[in-house]
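So you can see what is in the structure, the chains are spelled out below.
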Amino acid sequence: MIRVTNVTKKYARTTAIDRVSLSVSDSGIYCLLGRNGAGKTTLMKLLAGHLSATEGQITVEGKRVLPSRMPDDVTYIESGSKQFNMKVSQVIDTAAALQDSFDLDFAQEMVKRFELSPTKKYKQLSLGMKTMLTTIIALANNSKVILLDEPTLGFDAIMRAQFNTLLMESYQAHPRVLIISTHLIDEIAKVTEQLIIIDNGKIMLEVGIDDIDEKAYTLSGPANVVEPILEGLNCIGKTTAGSVVAAHIYGERVAPPESVAVDRMSLQDFFINMVGGESNG
Amino acid sequence: MGKKVWTTAKINLTNTKIPYLVLGCIIAYGLVLDVISVIITVVSGTAGGSFFFSFAAYLWVLVILAAIFIPAINFRRFVNLGGKRETFFWGSLTSYAILAGAASLVNTIFFYTIDRLIISTEYFVGVEAVMRDPALMDNHYMMLNMIELFGWHEHGVFFVIVQQFAFLFLLAVAIHTFTAIQDKWYGWVADVVIAAIISVFTPIAPLRTALVWFFNQIIFHPNALWQISFCIILAAAIYALNKPIFARKVI
Numbered sequence: 000m001i002r003v004t005n006v007t008k009k010y011a012r013t014t015a016i017d018r019v020s021l022s023v024s025d026s027g028i029y030c031l032l033g034r035n036g037a038g039k040t041t042l043m044k045l046l047a048g049h050l051s052a053t054e055g056q057i058t059v060e061g062k063r064v065l066p067s068r069m070p071d072d073v074t075y076i077e078s079g080s081k082q083f084n085m086k087v088s089q090v091i092d093t094a095a096a097l098q099d100s101f102d103l104d105f106a107q108e109m110v111k112r113f114e115l116s117p118t119k120k121y122k123q124l125s126l127g128m129k130t131m132l133t134t135i136i137a138l139a140n141n142s143k144v145i146l147l148d149e150p151t152l153g154f155d156a157i158m159r160a161q162f163n164t165l166l167m168e169s170y171q172a173h174p175r176v177l178i179i180s181t182h183l184i185d186e187i188a189k190v191t192e193q194l195i196i197i198d199n200g201k202i203m204l205e206v207g208i209d210d211i212d213e214k215a216y217t218l219s220g221p222a223n224v225v226e227p228i229l230e231g232l233n234c235i236g237k238t239t240a241g242s243v244v245a246a247h248i249y250g251e252r253v254a255p256p257e258s259v260a261v262d263r264m265s266l267q268d269f270f271i272n273m274v275g276g277e278s279n280g
Numbered sequence: 000m001g002k003k004v005w006t007t008a009k010i011n012l013t014n015t016k017i018p019y020l021v022l023g024c025i026i027a028y029g030l031v032l033d034v035i036s037v038i039i040t041v042v043s044g045t046a047g048g049s050f051f052f053s054f055a056a057y058l059w060v061l062v063i064l065a066a067i068f069i070p071a072i073n074f075r076r077f078v079n080l081g082g083k084r085e086t087f088f089w090g091s092l093t094s095y096a097i098l099a100g101a102a103s104l105v106n107t108i109f110f111y112t113i114d115r116l117i118i119s120t121e122y123f124v125g126v127e128a129v130m131r132d133p134a135l136m137d138n139h140y141m142m143l144n145m146i147e148l149f150g151w152h153e154h155g156v157f158f159v160i161v162q163q164f165a166f167l168f169l170l171a172v173a174i175h176t177f178t179a180i181q182d183k184w185y186g187w188v189a190d191v192v193i194a195a196i197i198s199v200f201t202p203i204a205p206l207r208t209a210l211v212w213f214f215n216q217i218i219f220h221p222n223a224l225w226q227i228s229f230c231i232i233l234a235a236a237i238y239a240l241n242k243p244i245f246a247r248k249v250i
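The listed protein sequences derive, respectively, from chains Z and E.
FYI, in numbering that gives the first Met the number 0 the residues of the first sequence are 0 to 280.
FYI, in numbering that gives the first Met the number 0 the residues of the second sequence are 0 to 250.
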């Protein structure tokens, strides 16, 4: 469905995306994870045809994506995007009038579910409510690919949970490719199936959430015992406290001696170690 | 497509608040100045030395400002609503046709009713009368309406509406296109070219002739049908440039 082949995007002397190749062929909820400035927004804009690649090629459904040839099958909603200052109900009705396959029933139900007052004007909504409205409009669109850039910006914990519900219900109603960029991994992990980690404009890892649960773990114990075990393992980060070391591993499981504890690595720790996992020891 | 285009035009006409606000302020300001002039005239018993701008002619400001705000503000929000660029292209064109038509119709009605009524009083004269006898300005106010200034009234009511519409439509389309390219390098080149045309063409006689020829085609041409056709064809040619411009526009 989406094929990114050796794509580079440069802004003057800065390389925002560096020789990225990526392939998304199945429907699903994908999480594009990266630190601020990692290249998430640039990659999304390239996928939507809002930017042209300096090098390389992007295709969606076999059609080349360029700013002069934006794909109809892709809906991209940028972080903090604004709407006309109309009543919530008018915003929904106008979106329905402008789009061919807008799911008006879904949008109206979600407006009711998330207690967005239909009579309130857009500017009267809180930041979180504004983002929620824009997200509902994007998800009610039946495009084959939906790109949401930092959709939970301004959300409190309850809204983030509601957003996950919205995402799941939308996906169940219309299975397709949903790519959500964020840096709040633990929230999105509840609904996402695939993780794409980007750092410094490069794809670090493209993996299923289940795969991380299976392959990411921490070995802690005396340094003189742990260090030899690490040889041949993919150690993505290390924390040292005195003579004790905690090594974060991503790869095959090993059976260490009893003096070494094996713990499950949280997604948050996995992400931190992947993109900034320098040893402190 | 028709419903989407109409929806886009409706969005443009109802969600471009700043132009309406500016129009309201200009009319209020003009009204205050006019009332002061009338009071001075009534108290002193003398008039003259300045002009009154016909109120409906202020609607031209609305057309000009809308053509700036629609591409600059509305486009991005329109895309956020899931609208397609093609729809925005035709919807905006429809918005300008409606605005130019409405401004032209209302201004024409004012020109033949209220403006005429004001000119019939002893303190006022029309543009044509002042052109014939500039001394009239010494003891009269001039009632200024672009219809008379541009000579469109010479062709009858129908052509007043259509000539004015064609000119306003061209103006809106040109401003829309010019605004749309301001975030590109060629927008800056266009700025420089226009500034150069105005500053270089005006003092040099042969180039000034070219400038005069151009304005004769879009405004002053004695043949109303020619002026209308010229404006519409030029507007279509300029607006066609928006296809590639908006297809490449980054939101």
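These aren't lab readings, by the way, just hints derived from the structure by calculation.
Yeah, the Cβ is synthetic: ideal placement off N, Cα and C, and Gly gets one too.
The reader is advised that the hints may include incorrect statements.
As the list claims (entries may be wrong) - One side of the interface only, derived from the structure: several residues of chain Z facing chain E at Cβ under 7 Å:
no., residue
1, H49
2, A52
3, T53
4, Q56
5, S78
6, K81
7, A94
8, S100
9, N140
- Can the hint on Z:T53 be confirmed by a CB-to-CB distance to chain E that is less than 7 Å? With Cβ-Cβ at 15 Å, over 7 Å, it is violated.
- Item | Supplied contact hint for Z:S100, tested at 7 Å Cβ to chain E | This hint is violated: Z:S100 lies away from chain E, its Cβ roughly 10 Å from the closest one there, beyond 7 Å.
- Against chain E, with CB atoms and a cut of 7 Å, does the hint on Z:A94 hold up? 5 Å, holds
- Task: May I ask you to test the interface hint for Z:Q56 with respect to chain E, counting a Cβ-Cβ separation under 7 Å as satisfied?
- Result: This interface hint is violated because 18 Å lies over the 7 Å limit.
- Query: Taking 7 Å as the limit, does the beta-carbon of Z:K81 come near enough to a beta-carbon in chain E?
  - Reply: 6 Å, holds
- Let me know if the C-beta of Z:H49 comes in closer than 7 Å to any C-beta of chain E, holds or violated. Result: holds, 5 Å to nearest chain E Cβ.
- Message: Tell me if the interface restraint on Z:S78 is satisfied: Cβ within less than 7 Å of some Cβ in chain E.
- Response: 12 Å, violated
- Task: Hold the hint about Z:A52 up to the distance rule: shortest CB distance to chain E must be less than 7 Å.
- Result: Interface hint status for Z:A52: violated (13 Å vs cutoff 7 Å).
- How about Z:N140: closest beta carbon in chain E under 7 Å, or not? 5 Å, holds
Consistency with the previously given hints fails for numbers 2, 3, 4, 5 and 8, ordered from lowest to highest.
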